[in-house]
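Visitor: So you can see what is in the structure, the chains are spelled out below.
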Amino acid sequence: MLSDRRPILLANARIIDPSRDLDFPGDLLIADGVIRDTKRGIGAAGVPEGTEVIDCKGRIVAPGLVDMRAFVGEPGAEYRDTLASASQAAAAGGVTTIICQPDTSPAIDDPAIVDFIMRRARDTAIVHVQPMAALTKGLEGKEMTEIGLLKAAGAVAFTDGTRSVTNAQVMRRTMTYGRDFDALIVHHTEDPDLIGEGVMNEGELATRLGLHGIPTAAEAVMLERDMRLVALTGCRYHAASLTCRESLEILRRAKDAGLPVSAAASINHLTLNEIDIGPYRTFFKLTPPLRGEDDRKALVEAVASGLIDIVMSDHNPQDVETKRLPFAEAAPGAIGLETMLVAGLRLVHGGHLSLIQLIAAMSTKPAELLGLPGGNLRNGAPGDVIVIDPDTSWILDPAELKSKCKNTPFDEARLEGRVIRTIVAGRTAYEYASA
Amino acid sequence: MNIAATSSFVLNRRHLLGIEGLSRDEIVGLLDLAEEFVELNRQIEKKRTSLRGRTQINLFFESSTRTQSSFELAGKRLGADVMNMAVSSSAMKKGETLIDTAMTLNAMHPDILVVRHHASGAVELLAQKVDGSVINAGDGAHEHPTQALLDALTIRRNKGRIEGLIVAICGDVLHSRVARSNIILLNALGARVRVVGPSTLLPPHIERLGVEVTRDMREALHDADIVMMLRLQRERMNGSFVPSTQEYFAYFGLDQKKLAYAKPDALVMHPGPMNRGVEIASSVADGAQSLIREQVEMGVAVRMAVLEALSRNLPNA
Chain A
1 MLSDRRPILL
11 ANARIIDPSR
21 DLDFPGDLLI
31 ADGVIRDTKR
41 GIGAAGVPEG
51 TEVIDCKGRI
61 VAPGLVDMRA
71 FVGEPGAEYR
81 DTLASASQAA
91 AAGGVTTIIC
101 QPDTSPAIDD
111 PAIVDFIMRR
121 ARDTAIVHVQ
131 PMAALTKGLE
141 GKEMTEIGLL
151 KAAGAVAFTD
161 GTRSVTNAQV
171 MRRTMTYGRD
181 FDALIVHHTE
191 DPDLIGEGVM
201 NEGELATRLG
211 LHGIPTAAEA
221 VMLERDMRLV
231 ALTGCRYHAA
241 SLTCRESLEI
251 LRRAKDAGLP
261 VSAAASINHL
271 TLNEIDIGPY
281 RTFFKLTPPL
291 RGEDDRKALV
301 EAVASGLIDI
311 VMSDHNPQDV
321 ETKRLPFAEA
331 APGAIGLETM
341 LVAGLRLVHG
351 GHLSLIQLIA
361 AMSTKPAELL
371 GLPGGNLRNG
381 APGDVIVIDP
391 DTSWILDPAE
401 LKSKCKNTPF
411 DEARLEGRVI
421 RTIVAGRTAY
431 EYASA
Chain B
1 MNIAATSSFV
11 LNRRHLLGIE
21 GLSRDEIVGL
31 LDLAEEFVEL
41 NRQIEKKRTS
51 LRGRTQINLF
61 FESSTRTQSS
71 FELAGKRLGA
81 DVMNMAVSSS
91 AMKKGETLID
101 TAMTLNAMHP
111 DILVVRHHAS
121 GAVELLAQKV
131 DGSVINAGDG
141 AHEHPTQALL
151 DALTIRRNKG
161 RIEGLIVAIC
171 GDVLHSRVAR
181 SNIILLNALG
191 ARVRVVGPST
201 LLPPHIERLG
211 VEVTRDMREA
221 LHDADIVMML
231 RLQRERMNGS
241 FVPSTQEYFA
251 YFGLDQKKLA
261 YAKPDALVMH
271 PGPMNRGVEI
281 ASSVADGAQS
291 LIREQVEMGV
301 AVRMAVLEAL
311 SRNLPNA
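These protein sequence lines map, in sequence, to chains A and B.
Sequential numbering from 1 applies to the first sequence in the numbering used here.
Sequential numbering from 1 applies to the second sequence in the numbering used here.
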């Protein structure tokens with residue numbers, strides 16, 4: 001930890017709290033690990049003795065991000081990322097809570113493993129870590145996990161990671177059972193049979209590159225089925241990563257019908273498109289795949305309108321052994337914990353989203369959906385707060401990234417804005433060196 | 001008779017990874033150079049010395065008989081030391097990656113690597129890691145540039161031109177690198193290209209590559225000057241992409257009856273190896289309008305031209 005638990009006053013800040021729709025110049029006081037006060041002119045005089053006073057010089061103070069989907073390699077694939085290395089990356093990116101995914105080895109499908117993750121995170125991670133548990137045993141899509149016991153152990157939601165449950169009967173029963181525990185089911189909506197040999201978005205570009213395509217229907221078919229099962233069962237449901245216009249229409253109909261559904265989009269699908277693949281660049285091979293520009297635009301509009309509730313990093317570390325391969329053979333995934341906010345700022349600078357919308361989608365809404373106490377700056381909320389300089393311009397050097405893997409699609413990209421300070425439970429977990 | 005080289009064409013690039021990106025002048029330059037080698041290859045004395053001292057490695061991650069032997073002969077006739085490596089049977093089975101294999105071979109200082117791989121883009125990836133010239137001998141469903149060049153040479157020698165010809169490419173376009181390279185090349189030289197096949201074997205948005213698309217052989221072959229057949233892989237015949245070989249032959253197999261839709265002097269091509277009775281009837285494959293054996297001959301000449309034109313651009317050339 002960089003600093004002890006002295007109270008912290010963030011003075012002269014632009015305070016953004018989407019939970020109350022607030023965006024105003026003021027000060028924020030954190031003491032005993034929680035937010036004590038946010039208002040205009042608390043000033044150095046109005047704080048407890050020993051308070052660390054930080055002049056924010058008009059920069060943004062916002063609730064720390066809650067990243068709804070991050071793949072961490074611990075246990076079983078520590079070369080990808082450990083809870084410790086992922087948490088370092090998270091802190092540098094303004095993420096104060098990581099929601100880690102259960103496709104570890106062994107999978108998080110047993111309460112003892114939930115317990116392991118939480119203890120391990122407590123001892124080694126510098127941000128909060130909350131695990132999702134597997135929806136089916138061994139992520140095999142056949143038998144439901146111990147939803148009740150897993151939830152009691154601390155699992156915040158249930159998912160099979162990047163796998164879809166293809167058996168509709170298994171999905172229906174799991175939803176029906178899960179509803180009794182008020183479980184949130186998070187589902188990757190891609191029909192594996194329709195994916196087939198596909199490795200990128202189906203269309204002209206795939207045809208030119210001689211790569212097999214994945215149609216948007218692979219996603220829409222699975223989402224449509226799920227919406228009908230939600231209507232049948234009443235289970236709380238969250239679509240893990242939507243990518244196309246067709247899916248948005250399905251989601252809109254479900255929401256209009258009052259179904260308990262929500263959805264996320266990854267920062268990659270909001271800021272990149274299939275053309276970025278260019279000459280077979282495997283860092284842009286993702287699951288689900290990057291789509292065309294029309295779909296990307298539709299997705300951004302859906303975040304602005306609130307149809308898409310959440311924006312997540314989809315952090316998925318892969319090393320050179322799994323990426324430096326022919327495109328079809330390379331593993332999908334991109335790291336994102338460290339860049340999700342700055343990549344999101346591109347949408348703000350471009351006038352497509354307001355800052356408050358972006359912070360809501362990356363912090364307030366995921367915290368609310370998962371029932372976590374963060375994601376807001378109310379008095380008594382956890383002292384998970386970030387300071388952002390929205391305008392500083394820099395070029396991303398992958399060597400400086402804290403994740404163990406460097407598979408970033410923003411390799412040497414010019415970025416505008418950066419996280420200056422990340423405070424977790426009232427302690428500074430990250431501070432940008434030359435701030 | 002001794003044939004002296006007259007063309008001084010140099011391919012001003014290090015690698016030949018695809019037809020995409022080649023200019024019209026580069027394509028024509030290669031074809032003109034290849035013409036000279038056609039004549040040379042018909043002499044008793046077929047040897048040249050322009051690649052003497054050069055090492056050419058044929059690195060085939062996917063088995064091939066005709067392309068590999070064609071490149072081997074081409075290299076030898078130009079005086080290069082040629083080594084064949086069938087990687088599918090050796091290193092890759094021991095877990096060595098594509099990049100490792102490339103680096104290992106690179107340490108032996110080959111001047112030219114001829115590479116075939118089952119994955120689209122793999123040859124380009126390999127080219128980034130080696131010092132010599134890389135020639136794409138087929139990567140996945142992406143490109144097979146020397147096949148398109150030899151097809152163009154064959155057409156040009158028989159029709160006197162390519163511009164304005166109607167070329168129908170028939171069959172499994174989806175999985176075909178030959179089709180992609182040919183579409184790009186024929187368009188660059190001003191031909192009118194049609195593709196035809198069952199919709200399951202036509203890639204989405206193929207029309208954006210500048211071709212007319214149809215599912216009807218009669219329509220595709222109407223007034224065609226060239227009918228180019230594609231091979232249908234065995235594993236795609238029975239139910240996965242088409243229901244059966246019988247049905248495929250009935251609708252898309254080239255027999256005398258369908259060939260009659262084309263111009264009377266239309267010529268038939270096939271990159272080989274053929275499935276007789278699946279995509280092409282024997283009577284057509286062996287008939288008077290068939291150029292299939294000539295394509296093989298042109299293959300050696302075109303590959304000599306590519307090797308020669310690239311080597312003229314190598315350091316110390």
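Hints were generated in silico from the structure; no laboratory data involved.
Just to be clear, a hint being listed does not mean it is correct.
Claimed, not checked - Partner residues aside, some chain B positions facing chain A, computed with beta carbon under 10 Å:
1. His142
2. Leu174
3. His175
4. Ile206
5. Ile292
Said to hold, decoys possible - Simulated DEER-style distance windows between Cβ atoms:
6. A/Glu197 / B/Glu96: 19 to 27 Å
7. B/Thr104 / A/Glu143: 40 to 48 Å
8. A/His352 / B/Asn158: 37 to 45 Å
What the hints assert, rightly or not - Here are some chain B residues the structure puts well away from chain A; computed CB gaps all over 10 Å:
9. Asn41
10. Glu163
11. Arg208
12. Leu209
In this text, a Cβ means the ideal position worked out from N, Cα and C, and glycines have one as well.
Visitor: Quick check for students: does the CB of B/Glu163 sit more than 10 Å from each CB in chain A?
Guide: holds, 24 Å
Visitor: Does the Cβ pair A/His352, B/Asn158 satisfy 37 to 45 Å?
Guide: Since A/His352 and B/Asn158 have Cβ atoms about 57 Å apart, the given range 37 to 45 Å is violated.
Visitor: Within 40 to 48 Å: is that where the Cβ-Cβ distance between B/Thr104 and A/Glu143 falls?
Guide: Cβ of B/Thr104 to Cβ of A/Glu143: about 47 Å, so the range 40 to 48 Å holds.
Visitor: Run the C-beta distances from B/Asn41 to all of chain A and say if the shortest one exceeds 10 Å.
Guide: B/Asn41 is indeed farther than 10 Å from all Cβ atoms of chain A, at 31 Å.
Visitor: Given a hinted range of 19 to 27 Å, is it respected by the beta-carbon distance of A/Glu197 and B/Glu96?
Guide: holds, 24 Å
Visitor: Hint validation: B/His142 versus chain A, beta carbon distance must be below 10 Å. Holds or violated?
Guide: holds, 3 Å
Visitor: So, B/Ile206 near chain A? Judge it on the closest CB pair being under 10 Å.
Guide: Holds, because the Cβ-Cβ distance from B/Ile206 to chain A comes to roughly 6 Å (cut-off 10 Å).
Visitor: Checking the smallest CB distance to chain A, is B/Arg208 really beyond 10 Å?
Guide: Contrary to the label, B/Arg208 does not stay out of reach of chain A, its closest Cβ about 4 Å off (not over 10 Å).
Visitor: Would the hint on B/Leu174 stand, with a C-beta cut-off of 10 Å toward chain A?
Guide: holds, 9 Å
Visitor: Checking hints one by one. Is B/His175 an interface residue toward chain A, by the C-beta closer than 10 Å rule?
Guide: holds, 9 Å
Visitor: In terms of Cβ atoms, is chain A entirely out of 10 Å range of B/Leu209?
Guide: violated, 7 Å
Visitor: Taking the closest Cβ pair, is B/Ile292 under 10 Å from chain A?
Guide: violated, 24 Å
Consistency note: the structure conflicts with the earlier hints numbered 5, 8, 11, 12.
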